[in-house]
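Undergrad: Residue numbers (the numbering used here), protein chains in the order written: chain A, 1 to 466; chain B, 1 to 1012.
Hints are not guaranteed to be accurate.
Claimed, not checked - Partner residues are not named here, just some residues of chain A that face chain B (Cβ under 7 Å, in silico):
{"no.": "1", "residue": "Ser92"}
{"no.": "2", "residue": "Trp100"}
{"no.": "3", "residue": "Gln112"}
{"no.": "4", "residue": "Ala213"}
{"no.": "5", "residue": "Asn284"}
{"no.": "6", "residue": "Pro381"}
What the hints assert, rightly or not - Quick look at which bits of chain A chain B covers, simulated, 3 or more residues with Cβ under 8 Å:
{"no.": "7", "stretch": "41-52"}
{"no.": "8", "stretch": "150-160"}
Derived by calculation from the structure, the hints in this document are not laboratory data. Virtual Cβ for every residue (Gly too), placed ideally from N, Cα, C.
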Amino acid sequence: MKKTFAAMSAAVLALSAGCKDALNAPSQDNIVAGTAQPIQNLVTGVVAQDRASAMAFSYLLFPETEARNSVRMDTNEPRYLNEFVAVPIDPSDFIGGSAWSGYYSEIRAANQLIVSPSLNTMTAGDKAATIGFVQTMKALDYIRLIQLRDSLGVAIQISQGATADPIRTKSVVLAYISALLDSANTNFASASATVPFTLPSGFKQDGDYTKTANLITFNRGLKGMVETYRGFDHQTPCPTCFATGITALNAALGGASATDLAAGPYYQFNPSSPESFSNPMVDNHVYLTDNFANSIQAGDLRASKIATASSPSSIVNGVELTMRDPVTDPTIASNLTRPIPIVRNAAFYLLRAQAKAESGDLLGATADVNVVRVGEGGLAPYATFASLPAARTAILYEYRYSFIYEGPYYLIAAREYGTITKAYVSQAGMPTVSTDLSHSGDPLQTALPMPSTEAAARNGNVTPQP
Amino acid sequence: MRTAFSHPLQVPPRFASAFRWHRSHLVTGLLALLVSVTTAAAASAQRRVTGRVTETSGVPVPNATVSVQGTTLGAITNQDGRYAINNVPAGQQVLVARRIGYRRATQLLGAGIDVADIRLDQDLLQLETVVVTGQATSVSSQNAANAVTVVGTGEINRVPQPTVDNALMGKVPGAVITQNGGAPGGGVQLQIRGSNTINGAYQPLYVVDGIIVNNDAFGIGLNSITGAGGGITNSQDQQVNRIADLNPEEIESIEILKGPSAGAIYGSRGANGVVIITTKKGQAGKPTLNFVQRVGTQAISKSYDMRCFSFADAQQIALTVYKVNLTQADYAGCVDEQQQLYGHKSLSYEDALSLRGGNENTTYFASGSVSHDGGLAVNSGYSKQSLHLNLNQLVGPVNLTGTSELMHTLTERGISGNDNNNIAPYTIIGATPTWFDPSRRDPLTGQYVRNPYIAGGANVLQDQEDIRTPEDVYRLIGNVQANWSVFANERQTLNFTTLAGVDAFNDHAHLYSPPNTYIEQSHNISPYPGTVVDGNTDVVNANLNASLIHKLIARFGTATTSLGLRQERQQSDQLLNQGRGLFPGITNVTTGVQTGQFQAQSLSKTFSYYAQEELSTLSDRLFLTAAVNAERSSTNGDTARFYAFPKFSASYNLPFAPTGIDNIKFRIANGQAGNRVPVNFKYTFLTQVPENGIVGLRPSTTIGLSNVRPEVTNETEGGVDVQFLHGRGQAEFTLYDKRTSGLVLQASPAPSTGFTTQVINGGSLTNKGAEIGLGLVPVQTHAFTWESHTSYARNRGMVTSLPVPAFYTGSGFGERTARTKVQVGYAQDEVVAYNGFDSKGNRIEQFYGSESPDWTMGFGNDFTAGPFRLSTLIDWRKGGWVADLSQTYLEQGANGQSSIPGGNLADTAMNNADQGAYAKGLPAFLEHGSFAKLREVTLSYSLNSRLTNTLFRGTAKDVRLELSGRNLYTWTHYRGLDPEVSNFGNAALSRMWDLAPYPPSRQFFFSADVNF
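Bound-form chain A, shown alone (with noise of 0.2 Å):
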């Protein structure tokens, strides 16, 4: 028995000791928040972030949708065209849902950046440097959530963890930018010269915008674009904000006398893996309306903008098209690495013409009209406009000529100047705004909808508040 109970303690024994491996078992994956990591891959982390968010069909093409500008025509998502027209923006789905959740992730990381304990190890010329960065970046980003989501106004995120901060009414939103950008443009003021991290490529793309003085001149340029927003708020006007406005814009480009239109920061592409990110715009679905097409003046250089496709569109609600931008062509190659800009001069001057046409300012928004018009379109200048409608026709013109898959400008530009409807262009085959449904509220899709799972966190009350 002796023996027998020997055993079965030695089994037991030999049990126990099979089982004292520590069960605390991460995988390649645990790399767990809270300690401090190099500032380096924080800003890595939110202009990589912000280039995710950005570079996509949400920011590039949906405005141009939404103002018939263009349309991806894919027969097995036909989404893409129908969720635009004739009923409200699905909100549920990848289109209403879109351009939301990644910018604010990239917000949460700006605002864990801001507060690292990492930046203590800096000079203070570096640190400042870093947050005038990271806050110009998180700026950007709510300027983006606003210029999509306009009047329904859009959470400024204040708390930490998973509370909710309420929405906000545009106004508020606008003013509260327009505060970071100059608290970042405090901190460029005494900064090093030089940014004290690697940037990307692109923000040496047309200009070193590694430098902090550059990076004062993006600062002022969107800061500029935000007081021009904040003069068109229907909702809350501001006619002071266009003088601030052109007081931004002034220092963005240095005076009247830069002509470098294409100058600025840029998003830079690399299919290879591990980065595996093409420029979003390559693709074999998006076409160019008729209108679009058709509607550019004799002689305009941007002409190289419309090609005719190799092959029509597929045809989708019975709508077919059969131009597109060579830039989207797949079987080009160098498409895939096509650079595309954060932001760049051109816009500035046409925010700035704005400014001043709405300021009454006609013989200056002219010549910065003509600056887009001459210097990309090759065409002749515009005499002195005769009237603000006449600079608000002209400014949207080079809006959507210069601009298209750039960005929003077109379309905000039309929803400021009241003249969305005109945005609603024929098309053949494709659908008109429905009459048959009651919401005839906003009949337009001139925003995207809030998003349902932000609607649905807030037991469904996102109403901006002021």
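Got chain A sorted already, so can you dock chain B onto it with the hints?
TA: Positioned in the frame of chain A, the structure of chain B alone reads:
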């Protein structure tokens, strides 16, 4: 002896005091147990009793257990049915004879009598099976406190089954089984008594010969060419749940513990039920060689009725809709593309050879099988080879058992399901008018002609022939078990059992889409024509169990005490390499112009103690069980903390019964089991976002929960079992109430927080239901027997509390079609969809009800007349919602791309009505999924001995020939191919998606089963 149990078990300091209590009681219990062993009186006058166990007809019954009631004495009959029991106490005794398949018989053994022959009656209704109660204990179903379903090898293999999960369809009351589609090789998911979870594991635990095995599903990278979702692979890859690797031919029985009240002993993995699979074992006796050969084929069980066009209409539509100038030469009339693609009449076969035998010290079972399940389409199919070996050797007091199952499966399932690149068959078929003939060849290239009616020009036959999707799995499930009879006398036994096992497999997938297909050339898939994905997944599960079982037979009854521990380790590593831009014929990933990778790794470890006490008393009429499993896991927030899962149960057989009733048993059971926290839910990661050669880090969009704990499901089950008509009738009635609390939710915070998912412990849900079973032998004569089984099950789930606002869960395609919304007061799998607009133009969200069926029923009937036997199984499912996106694909092409006025299906009025309703914001494609299916039919014929001798010259004992069929007919109003399919089957909820699946088939087989 103290030193034997004084080893400091690994307990973290904060729980040391609690565990000291546990340890001290463990030691005390063992001491008491051993003291009782050593002091038991055993000496008395003894004798040797012999005899023979036979059927009523006189046929000997081998492997029957004959025991002396009230003692531990017993023996097993040999091939001739003979037995011998030594040391039988003097005086009057009662002998009990048992064997699976027969009703238990008792016989009085008078004082001084030492010969007793016993007769056993066949147990047609399986009234006396053995069901598992613990890690190493079991009990007769007569005393079971739970409604446990046992499916024997006869039922499993009545019709040739490609996979184990297929074999369970229609045979497990309370189980809802879905499948990705009809593609060969599995892809089947099982859910028992509703979903206990929102975001956790939803499938039952699978245990093979005591080893917890892996049932995960891994993608092969199909998403790389379908673009169904993001990334190289995703859940829409038509994955196969790997329990499919098991060979049904090697299985002796499958026992299903349906919930925590039965499966609490499995701790944090028992909440969803436990499927206990026992493979075939050796038996003492002369060697028996069995050979089974099956051949069969299959046919598409349903296809869509497509619309035909006259040449004039076709020409006009081709021009106006497709801008194609259709010539008479290109007009092919009315082509049935479905038949062209899925009309492939391939051969299915199975050859299985097994050898079984042994003596009183050694038994063995060895088998090998080769099978092939031909698919409906070329280049689709499922092949399986397996080798199974079981060896049992008695070495003194130790019974050593080794079992190994080596399997190889090769699955090729082709392309099906969701598709955003116009490559999947029903995407193409739905968009292509029937006047186009894809089987035509281009006279210049010899290739199939390009399809001018769909973007990308995909020819469905070219895709199927040129694109390959093989998935090769080599798998070993093996274990070694030692059962050491430490002590035994006629009143007590003490056994020490250890079980060590491993489940290891490599899953190698190699998807290849050549660059010269129309679809690749079109750049629909990527800018670089030609795609290859080479995937390797390695999985290792290791188990170690140890149990100490003491059995004491006393005047008050029989007490069985079990103590044990179990350690489990699960590890998987999946790596997929993708290459795009290939030279024709080159399938090497590294030659791709563009390459990419995907890797997922997972490791979890679990350790548990358990204790169980069973008491059978009042002449075995009352059976009581109390057990607890204390478990800790690496996936929990606190890895040191043990979570206890207790269980209590009682069954009582009434000592009397009304006239016509044989027995009435009342039973009640209560138990808790957990649902393990998914790996990594406790962490909040930094996500890597590389750019320009630098690794960027940003907060993950998921907030983990650092102190996350497992979900706990508490189930109370009660019921009554009635046997009547002298063993020819049995009725079971069961009610259960499951309450799950501490849900591990992947809740959806407001995305404006920067987080889209937050792991939360909180909220609760219930599942309440009823199950009724009725077994009858209405006719039992020498010439004819009719055996009938009917089952009914219903389950109602409801979310009873949530710590967060209602949220949507699962995958889908927007609320215009359907979504699953988790909201208090509604079923956890509640289907919501937009249903028109209100007066302000806002969409109206309507709650439609559960995606799960209202109830299920099964009807099984066996008719035996002489050498003939006819078996049928009908599976009836009522209710449940299905989002039938396949219908939209077929009516007007995928998402309306064909644009033919009136649609593509023959019923143009239906097409127009659906499209009109959908345009008005109505859920036109949300349908009821009710059906009744003739699941299995088998007609078998047993050759008489004379003919057998003549044919096999005396070498064969018996020969059986069978004709059988699976899924032969479906009665349903459902418009799609099959309401049982799911594009998102591998999820707890939101499984209601019928999305262009591989079509289900009806299958026919001829089998010959010969015993030598």
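Undergrad: Taking the hints in turn, state whether each one holds.
TA: Each hint, compared with the structure:
no.: 1; hint: Ser92; result: holds (4 Å)
no.: 2; hint: Trp100; result: holds (6 Å)
no.: 3; hint: Gln112; result: holds (6 Å)
no.: 4; hint: Ala213; result: violated (22 Å)
no.: 5; hint: Asn284; result: holds (5 Å)
no.: 6; hint: Pro381; result: violated (39 Å)
no.: 7; hint: 41-52; result: holds (count 11)
no.: 8; hint: 150-160; result: holds (count 4)
Violated hints, in rising order: 4, 6; the structure is consistent with all others.
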